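J.: Top line first, the protein sequences correspond to chains L and U.
The opening residue of the first sequence carries number 1 in the working numbering; numbering runs sequentially from there.
The opening residue of the second sequence carries number 1 in the working numbering; numbering runs sequentially from there.
Hint data in this document are derived by calculation from the structure and do not stem from the laboratory.
One should not assume that every hint holds.
As the list claims (entries may be wrong) - Stretches of chain L that chain U covers, calculated by requiring three or more beta carbons in the stretch to come under 8 Å of a beta carbon on chain U:
no. : stretch
1   : 7 to 16
2   : 45 to 59
3   : 74 to 88
4   : 105 to 115
5   : 135 to 142
6   : 159 to 171
Keep in mind the model is a prediction, meaning the values are calculated, not measured.
The C-beta atom is built at its ideal place from N, Cα and C for all residues, glycine as well.
Here is how the chains run, residue by residue.
There are 2 protein chains.
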Amino acid sequence: MPHINVDENLPGIRSLMAFSPDTATPMGELANLLLRSNDGLAMADRELIATHVSYLNDCFYCQHSHGAIAVCYLDGNTELVDQVKMDYPHAAISDKLKALLSIAGSVQRGGKFVTEAQVNAAKALGATDKDIHDTVLIAAAFCMFNRYVDGLASNTPTDLSTYPLRAKQIAQNGYGNHIFSNMQPVQ
Amino acid sequence: MPHINVDENLPGIRSLMAFSPDTATPMGELANLLLRSNDGLAMADRELIATHVSYLNDCFYCQHSHGAIAVCYLDGNTELVDQVKMDYPHAAISDKLKALLSIAGSVQRGGKFVTEAQVNAAKALGATDKDIHDTVLIAAAFCMFNRYVDGLASNTPTDLSTYPLRAKQIAQNGYGNHIFSNMQPVQ
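Take these sequences, add in the hints, and give me the full structure.
T.: Written as structure tokens, this is what we have:
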């Protein structure tokens, strides 16, 4: 049961964004900027980083929401997304993305866990400064989103069949319109 | 030395926001909404929560930046800010704020560490749903800001005498104008 009085018909972060539409606006914009871009990292890479960090933070809602979006970008390859989430070193992804996921994992523990060696390894595999910046900020942002969702104990659908439909909408149209659709402040 | 090529004349998060002005915009807006409001929690309370979480995350730049802003709101009472940061249970603050700082500390560890007992204790001391929401989101947001600053190893002034001037500007005028003043993308 959520710690505050939110609309229980809305799942996860959507119920919190309806509770606080003012703060929802920049949070939605940040999600769109970080996840809906193919400038450097592809949208699939960005969602995989978000999904892996949400898994490390044990956030059921976010790992399944963003995992389902990654699946959309990866032609339905659920197995690949699950492997990246839980065991990326053995997944069929580029060495560059593995190096970036390693950095993201360090960010999840705390900013100071990122080492110069990790950054140099990523750069040697072709990561640009923007790729490294975006990886660190995606990982950091999901340390916020995950804590927001679970820190207020927002409702989390446990039926995994509910995630793909919304994921498809986001994969097609981005976060902006859909995060805010059907949103009414509840107090 | 920063992990990416940022303007080394800018400290901490300001160098990262100059590197990535697109993402800086919603991050600055979120900071303003969460920290520059007296709706429920006072601005001083909000900065104390941000400072305490930044201390728990061992983020030198953020704990001293936001600590200095809290000092501005608290008539120069540096001792009180230091005590809230490091030992709030014994500080001369309200029991309600202590209960909210306890929730913020749990959010810093992870969203699921927040207990119903903590939330009920805060409510019994007068915390509204909005107070609890804002506390959780401030704590979560600083888990992002702290990781962004340290995850990219941005430059941190170690001379504590440099923090109060900028803190005074923010205390007077808010984050928006000042986060973005003198910002030029560096690549």
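J.: Next, verify each hint and record whether it holds.
T.: Evaluated hints:
1. 7 to 16: violated (count 1)
2. 45 to 59: holds (count 3)
3. 74 to 88: violated (count 0)
4. 105 to 115: holds (count 6)
5. 135 to 142: holds (count 5)
6. 159 to 171: violated (count 0)
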